[in-house]
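Q: Those sequence lines, one after another, are chains A and B.
Position 41 of the first sequence, counted from 1, bears residue number 41 in the numbering used here, the numbering being contiguous throughout.
Position 84 of the second sequence, counted from 1, bears residue number 84 in the numbering used here, the numbering being contiguous throughout.
No lab work stands behind these hints: they were computed from the structure.
Don't take each hint at face value.
Any copy will do: because identical chains look the same in the list, a pair fits if it lies in one copy or spans two.
When the alpha-carbon atoms are kept at most 16 Å apart in a straight line, the in silico EDC-like pairs for lysine to aspartate or glutamate are as follows [stated by the list, open to error]:
hint : residue 1 : residue 2
1    : K91       : D105
2    : K94       : E281
3    : K245      : D105
4    : K203      : E151
5    : K214      : E121
6    : K47       : D186
7    : K165      : D185
8    : K297      : E161
9    : K150      : E25
10   : K150      : D129
2 protein chains.
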Amino acid sequence: MKLQILGCYAATPRTMTNPTSQVLEVRNHMFLIDCGEGTQVQLRKHKMKFSRINHIFISHLHGDHFFGLPGLVSTFRLLGRDKELHIYGPKGIKEAITLLLKLGDSWTNYQLYFHELTSKEPEVIFENDKVTVETIRLSHRVYTNGFLFKEKLGERKLNAEAVEKYKIDKAYFQNIKNGRDVALDDGTIISNSELSFDPPAPKSYAYCSDTGYKPDIVYQIKNATALYHESTFLESEAHLAVKTKHSTAKQAAAIAKAANVGILILGHYSTRYKSIELFKEEALEIFPNVELADDGKFFEF
Amino acid sequence: MKLQILGCYAATPRTMTNPTSQVLEVRNHMFLIDCGEGTQVQLRKHKMKFSRINHIFISHLHGDHFFGLPGLVSTFRLLGRDKELHIYGPKGIKEAITLLLKLGDSWTNYQLYFHELTSKEPEVIFENDKVTVETIRLSHRVYTNGFLFKEKLGERKLNAEAVEKYKIDKAYFQNIKNGRDVALDDGTIISNSELSFDPPAPKSYAYCSDTGYKPDIVYQIKNATALYHESTFLESEAHLAVKTKHSTAKQAAAIAKAANVGILILGHYSTRYKSIELFKEEALEIFPNVELADDGKFFEF
Chain A
1 MKLQILGCYA
11 ATPRTMTNPT
21 SQVLEVRNHM
31 FLIDCGEGTQ
41 VQLRKHKMKF
51 SRINHIFISH
61 LHGDHFFGLP
71 GLVSTFRLLG
81 RDKELHIYGP
91 KGIKEAITLL
101 LKLGDSWTNY
111 QLYFHELTSK
121 EPEVIFENDK
131 VTVETIRLSH
141 RVYTNGFLFK
151 EKLGERKLNA
161 EAVEKYKIDK
171 AYFQNIKNGR
181 DVALDDGTII
191 SNSELSFDPP
201 APKSYAYCSD
211 TGYKPDIVYQ
221 IKNATALYHE
231 STFLESEAHL
241 AVKTKHSTAK
251 QAAAIAKAAN
261 VGILILGHYS
271 TRYKSIELFK
281 EEALEIFPNV
291 ELADDGKFFE
301 F
Chain B
1 MKLQILGCYA
11 ATPRTMTNPT
21 SQVLEVRNHM
31 FLIDCGEGTQ
41 VQLRKHKMKF
51 SRINHIFISH
61 LHGDHFFGLP
71 GLVSTFRLLG
81 RDKELHIYGP
91 KGIKEAITLL
101 LKLGDSWTNY
111 QLYFHELTSK
121 EPEVIFENDK
131 VTVETIRLSH
141 RVYTNGFLFK
151 EKLGERKLNA
161 EAVEKYKIDK
171 AYFQNIKNGR
181 DVALDDGTII
191 SNSELSFDPP
201 APKSYAYCSD
211 TGYKPDIVYQ
221 IKNATALYHE
231 STFLESEAHL
241 AVKTKHSTAK
251 QAAAIAKAAN
261 VGILILGHYS
271 TRYKSIELFK
281 EEALEIFPNV
291 ELADDGKFFE
301 F
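Using the sequences and the hints given, assemble the complete structure.
A: Shown next, in the form of structure tokens:
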């Protein structure tokens, strides 16, 4: 999985910091997650191909996660897009984008599908042969979902030596990858475990922004390869985190620890602090594997 | 008058070019004209004080003139604004901004006034003791207004020498500035023209973007100090200008010449051309005083 951070700061876009947006690539499939103002410029800056984005997930309808979407939808049209575009987000997103297109008499010349979310329980909202995406119910001032991207279990890997040893015909290879045993001409059954190796463990990425401290998400994101969890504040401003339904770095780390994730990526920083390193220091007291998101930063896991 | 260009390129924001927005300062009063995506970042970059912006004029509801407005309105709230904000633009602008605020449950804590425009004739939409703003009816794919900012005639200037010579009491100074004659104690009438000088000629700025070639605006912008006129295309793409209801640099120059303006400022360039100097070269064939707008450029006239 490859994760390109386009923006990861709270509230308003500034000269050097962008509001939330990131691109996740899973087995060559690209997902855009949130779309703050200026996302399309960030996409260009980091040389992401617009045409590879077919699925956009919006966590909630606050401007810093959403106000770049009308412009991106319009730009797709100007670029001559003809492929379908799917947008997943809270109810109301269709009305908003449709109204803006109507006012500008600027209808898209590609099919635009809205998948409006209202469920109070996690649900699978996207699935293809390689990936599923499910919502993570978060707790914020408006209806907000995180997203859990899970690879499906891949095919088993052929054990080339064993296949050679038993002189098994190519015609059986796909069966072996699918986990089947093979019967030789003399009737001997060779067990699949002798002919193949386990596929790589499926990876998963949990995106959780914006949310107050919400330990009940732990069961769902258990053992995720990577967790992006917002940390708008430090513990010194825990009262503001409660008031605004955001999290502190320490709370994000507590979630990471309880969920036993591989790596915790922090983001959605308030710009009140003099350095984002402070967030990492605070989280490291609770959880050992912490990284800081930053605009333009790239992760592979 | 001081004009700060924040963005002046057509269509979509890019890494190095911004969609349309500019700030005009007239006698210490600041007006924001159009508000493409990223305008708030450009305002910060050029160190414009957010609190000085109280009146925003939106020419039309295409994204490249308008999609920065929701974010700016939200940012004003985050900055703790309490002063009124007035937004002038085509009918529909109120519904759009209101819907976006509602979806984010992010109502402003300052008074937000919408002045929706529908008139097919020019009309005065703002007036204070120093400036009037009237619409210029343009011809584009959607309902579009340009804006004409006109200084009012100021007070006459006191002729210090003459006032000294006739030993006129201070109490009469404001009357003199207002154009009145003065009667001396012996009954002699001193004419105002002897006691004061004409005030500076009022300046005016005409903003015309986006529009097809529309010579009937000439009467209204006659003798303007400065004219910003869009030139999306060069004459070589005149057919595209007609099709998309934009202008060529040559057409912008023809308007400037017919209106006898002081200076023509070109902008709203298509990014298909290798240099914006080409626009200036084309316009200079028709009109002698041409400047190129560019992001970050500052004009004083």
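Q: If a hint holds in the structure, say so; if it does not, say that too.
A: Verification of the supplied hints:
1. Taking the shortest alpha-carbon separations for K91 and D105, only the inter-copy value of 13 Å comes in at or below 16 Å, while the best intra-copy value is 23 Å.
2. Taking CA atoms no more than 16 Å apart as the test, K94 paired with E281 passes in neither setting, with 41 Å inside one copy and 45 Å between copies.
3. With identical chains, the CA atoms of K245 and D105 are at most 16 Å apart between copies only, with a shortest distance of 14 Å across copies and 38 Å within one.
4. Taking the closest pair of Cα atoms, K203 and E151 come within 16 Å of each other only inside a single copy of the chain (5 Å); across copies the shortest separation is 65 Å, beyond that limit.
5. Taking the shortest Cα distances, K214 and E121 sit within 16 Å of each other inside one copy (14 Å), while across copies they are farther apart (57 Å).
6. Taking CA atoms no more than 16 Å apart as the test, K47 paired with D186 passes in neither setting, with 57 Å inside one copy and 84 Å between copies.
7. Proximity of K165 to D185 under the C-alpha cut-off of 16 Å is restricted to the intra-copy arrangement: shortest distance 14 Å within a copy versus 128 Å between copies.
8. Taking the closest pair of Cα atoms, K297 and E161 never come within 16 Å of each other, the shortest separation being 41 Å inside a single copy and 69 Å across copies.
9. Taking the closest pair of Cα atoms, K150 and E25 come within 16 Å of each other only inside a single copy of the chain (12 Å); across copies the shortest separation is 54 Å, beyond that limit.
10. Taking identical chains as interchangeable, the C-alpha atoms of K150 and D129 lie at most 16 Å apart only when both belong to the same chain, with a minimum of 11 Å there against 64 Å between chains.
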